[in-house]
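*Asks:* Those protein sequences? They're chains A and B, same order as listed. So the first sequence is numbered by full-length UniProt numbering: it starts at 1 and just counts up by one. So the second sequence is numbered by full-length UniProt numbering: it starts at 1 and just counts up by one.
Don't read these hints as lab results, they were simulated from the structure. We treat Cβ as the ideally placed atom computed from N, Cα and C, and that holds for glycine. Take the hints with a grain of salt, since some may be wrong.
Stated by the list, open to error - Here are the in silico distance ranges between beta carbons for each label pair: (1) A:Asp91 <-> B:Met1: 23 to 29 angstroms; (2) A:Ile102 <-> B:Pro9: 39 to 45 angstroms; (3) A:Gly23 <-> B:Asp207: 53 to 59 angstroms; (4) B:Ala180 <-> A:Leu60: 54 to 60 angstroms; (5) A:Asp6 <-> B:Met402: 49 to 55 angstroms.
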Amino acid sequence: MSSLDDLYRRVIMDHYQRPRNKGELDNGAISIELNNPTCGDRISLQMNVENGMIKDARFLGEGCSISLASASMMTESVKGLSVDQSLHLVDLFSRMMQGEEIDTDEFPLEDIEALTGVAKFPARIKCATLAWKALEKGVKQ
Amino acid sequence: MNPWKKDFPILFQQVNEHDLVYLDSAATSQKPNSVIEQVAAYYQGYNSNVHRGVHTLGTKATDAYEGARDKVRDFIHAKKREEIIFTRGATTSMNIVARSYAMVHCKAGDEILLSPAEHHANLIPWQQVAKVTGAKLVYMPLESDSTILLEKVRPLITNKTKIVAIQHVSNVLGTINPVAELAKLVHEVGGIITVDGAQSVPHMKVDVQELDVDFLSFSGHKMVGPTGIGVLYGKEHLLNDMEPVEFGGEMIDHVDLETATWKELPWKFEGGTPIIAGAIGLGAAIDYLQAVGMDQVEAHDRKLTAYALNQLQSIEGIRFFGPLENRIGAVTFNLDNIHPHDVATVLDAEGIAVRAGHHCCQPLMRLLGETATARASFYLYNDESDIDQLVKGLQKTKEYFMSIT
């Protein structure tokens with residue numbers, strides 16, 4: 001099951017079982033709900049954005065290991081980023097899902113790099129990108 | 001080996017370095033050589049438009065296309081060939097009933113009775129009818145095993161009930177609904193019944209006169225035929241009173257600058273160049289199923305479904321949805337702590353194709369308390385060895401996720 005190991009890295013399963021930033025923020029936060037209509041995955045993302053900086057991000061969701069781990073990693077990595085930086089990260093992630101090699105010197109991907117293997121499973125790319133689509137929609141509000 | 005598997009060339013391949021085990025026939029069935037060959041023979045030998053040319057190929061194409069209609073009529077035992085409308089699939093068929101029959105016959109205060117387990121294709125058209133006409137949607141209660149109890153449905157069928165819309169067999173649960181009894185009840189109050197036969201017509205003998213249903217919709221691709229072809233059966237007097245939903249070539253009788261009249265049945269519902277290759281392929285699919293015998297198909301599919309339910313019980317932490325007996329074609333389940341998409345991905349790595357998701361039944365998923373489920377579905381080319389592979393695959397799935405967490 002070697003190719004499966006590329007998909008299900010330990011760090012992904014760790015985020016799936018112990019999601020970071022799970023929950024909701026107080027009133028006043030940006031709030032986005034997105035579904036993946038083909039499979040029923042759902043994410044509710046909340047962010048506090050002040051002066052163009054993402055101060056905090058939390059999520060609630062239902063879905064597979066890939067979609068929830070991706071959401072957990074995303075919330076972890078966007079905290080402290082400017083809106084522009086977060087959009088840059090959305091772009092990097094989308095390129096990563098298309099199988100492009102990402103220069104990690106350009107941007108430290110940290111845990112997110114573990115999702116590289118998803119690109120080899122076309123049916124699962126939409127799982128990984130759901131949270132990032134929510135991020136993009138949220139910061140553009 | 002299963003005596004029919006050899007007829008389906010696609011099944012003899014490796015997927016991810018394993019022999020393919022195809023358990024997704026409720027989504028779409030595989031096609032036997034005879035269907036593939038007859039579609040190819042049309043394109044290679046007599047591709048032509050129908051009902052218009054005087055040339056030889058056109059006549060041959062028309063004969064084949066209309067011949068397919070006769071095969072469908074015979075297959076579901078309709079009284080007349082005029083009652084068989086070719087459509088793009090069951091979804092289109094159900095939309096025609098909603099738009100052309102229900103939009104005209106329903107008014108505020110009328111009721112449309114349906115099951116909460118309906119496929120979106122037999123749910124959303126009725127929501128639209130309700131929105132436009134003011135008719136009310138009434139839902140049958142489901143038992144804890146997701147079946148319908150006739151005694152509890154009976155009081156819901158009243159003088160207000162204009163339409164009962166129900167699937168014959170559930171695409172999620174494989175349950176068989178009491179369509180003939182529902183037809184009798186709704187006829188007593190002057191209403192009609194429209195049946196989604198997408199999951200029943202492929203697996204069992206469906207006799208529209210015996211069931212006394214008013215409309216029956218089904219798709220060719222789920223019954224070893226091609227995609228893009230389906231059937232709307234309707235009782236002649238109902239279809240006669242309905243207006244076409246698509247206007248254009250093929251369906252007209254006489255056209256002036258300001259007005260037009262329609263052809264007679266069935267062609268008034270078949271605007272534009274029809275799905276000729278699809279109909280010919282569906283005819284070939286019916287020939288194939290009839291040569292096997294629908295009683296044989298049904299017995300085989302029921303036996304496999306029962307075998308699957310039995311064998312899968314050996315897996316610790318498996319939860320089944322739907323009743324444990326009297327079902328056909330599909331087994332739906334989840335494994336504790338493993339999302340069905342993850343199950344499907346690991347199975348795929350083992351060459352086993354199953355469906356994971358909401359199966360176009362979001363309201364049913366909510367009733368089941370799940371956002372998604374895994375579904376293994378069977379057809380005549382499957383056998384016990386496929387299910388044994390599934391059991392092994394699910395054991396591996398559990399071991400795999402245990403090993404990495």
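*Asks:* Now look at each hint and say whether the structure bears it out.
*Replies:* Comparing the hints with the structure gives:
{"no.": "1", "hint": "A:Asp91 <-> B:Met1: 23 to 29 angstroms", "verdict": "violated (52 angstroms)"}
{"no.": "2", "hint": "A:Ile102 <-> B:Pro9: 39 to 45 angstroms", "verdict": "holds (41 angstroms)"}
{"no.": "3", "hint": "A:Gly23 <-> B:Asp207: 53 to 59 angstroms", "verdict": "holds (56 angstroms)"}
{"no.": "4", "hint": "B:Ala180 <-> A:Leu60: 54 to 60 angstroms", "verdict": "violated (46 angstroms)"}
{"no.": "5", "hint": "A:Asp6 <-> B:Met402: 49 to 55 angstroms", "verdict": "violated (19 angstroms)"}
Against the hints set out earlier in the document, violations occur for numbers 1, 4, 5.
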